[in-house]
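*Asks:* Quick note: to get our numbering, add 223 to the position in the sequence shown (first position is 1).
Just so you know, these hints were derived from the structure itself, not from any lab.
Treat each hint with caution, since some may be false.
As the list claims (entries may be wrong) - In silico DSSO-like cross-links for lysine-lysine, where the CA-CA straight-line distance does not exceed 30 Å: (1) LYS298 <-> LYS362; (2) LYS350 <-> LYS362; (3) LYS378 <-> LYS350; (4) LYS326 <-> LYS350; (5) LYS381 <-> LYS350; (6) LYS326 <-> LYS381; (7) LYS298 <-> LYS378; (8) LYS381 <-> LYS298; (9) LYS378 <-> LYS354; (10) LYS354 <-> LYS298; (11) LYS326 <-> LYS354; (12) LYS381 <-> LYS354; (13) LYS362 <-> LYS303; (14) LYS298 <-> LYS350; (15) LYS326 <-> LYS362; (16) LYS350 <-> LYS303; (17) LYS378 <-> LYS303; (18) LYS326 <-> LYS303; (19) LYS303 <-> LYS354; (20) LYS381 <-> LYS303.
Claimed, not checked - Simulated restraints, written as ranges between beta carbons of each label pair: (21) ILE342 <-> ASN377: 25 to 31 Å; (22) SER406 <-> VAL307: 21 to 27 Å; (23) LEU309 <-> LYS362: 31 to 37 Å; (24) THR319 <-> ILE363: 26 to 32 Å; (25) GLY340 <-> GLY379: 35 to 41 Å.
Remember, predicted model here, so these are calculated numbers, not experimental data.
Cβ atoms here follow ideal geometry from the backbone N, Cα and C, with glycine treated the same way.
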Amino acid sequence: MNVHVFVYGICLVLTMIQYKGVEARSCTKLENKLFNNLLDMMVAIKSKCIISGGNIEQGGPAFTATLSHHFSLTKDAAIKFNSVLLNRGGGYNPNTGIFTATKTGLYQFSATIMSNGGIQVHSYINKNGRKLMNLYGPKIHGATETASPVLELNKGDKVSVNGYYSEVVYGRHYSYFSAVYISA
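Start from the sequences, fold in the hints, and give me the full structure.
*Replies:* As structure tokens, this is what we get:
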């Protein structure tokens, strides 16, 4: 099975579980947007497989990890996504929350953070100690923030999702971090 489809399939399933759980309550625009963005990514990946005859490079690093419990952020520290669903290549360390590239190339990352108890959450994508992209969850219980950067990494580069302030991220597998190697 193509690793790209597998990883994004996991993301889609997690999102659908979240979407169905929230469906009974009123869905926020942000949650709907997240679901639609992930669905668009799945369609794009499926199209790429068909167009290229399935010749996407096999065996590249990939991981998906979720938070099984609520997590208290520490300023500029990595969020430790502790429940690892996939860790092909062993690049993700759940004890540190850091992905270390085991192969030079282009990677697709995705991070979703859910706010807890109506408290805003500020976080960012970090590459080798540099803030690349901010995420913000407003003061709405269950609000999500998502970033999906494509990054060029050298072997040994480190990527994580870090907190800006001392805030709490909602767990129960609603918050997750994943990446997949795209090409050299």
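*Asks:* Quick check: which numbered hints come out false for this structure?
*Replies:* When the structure is compared with the hints, numbers 15 and 21 turn out to be violated.
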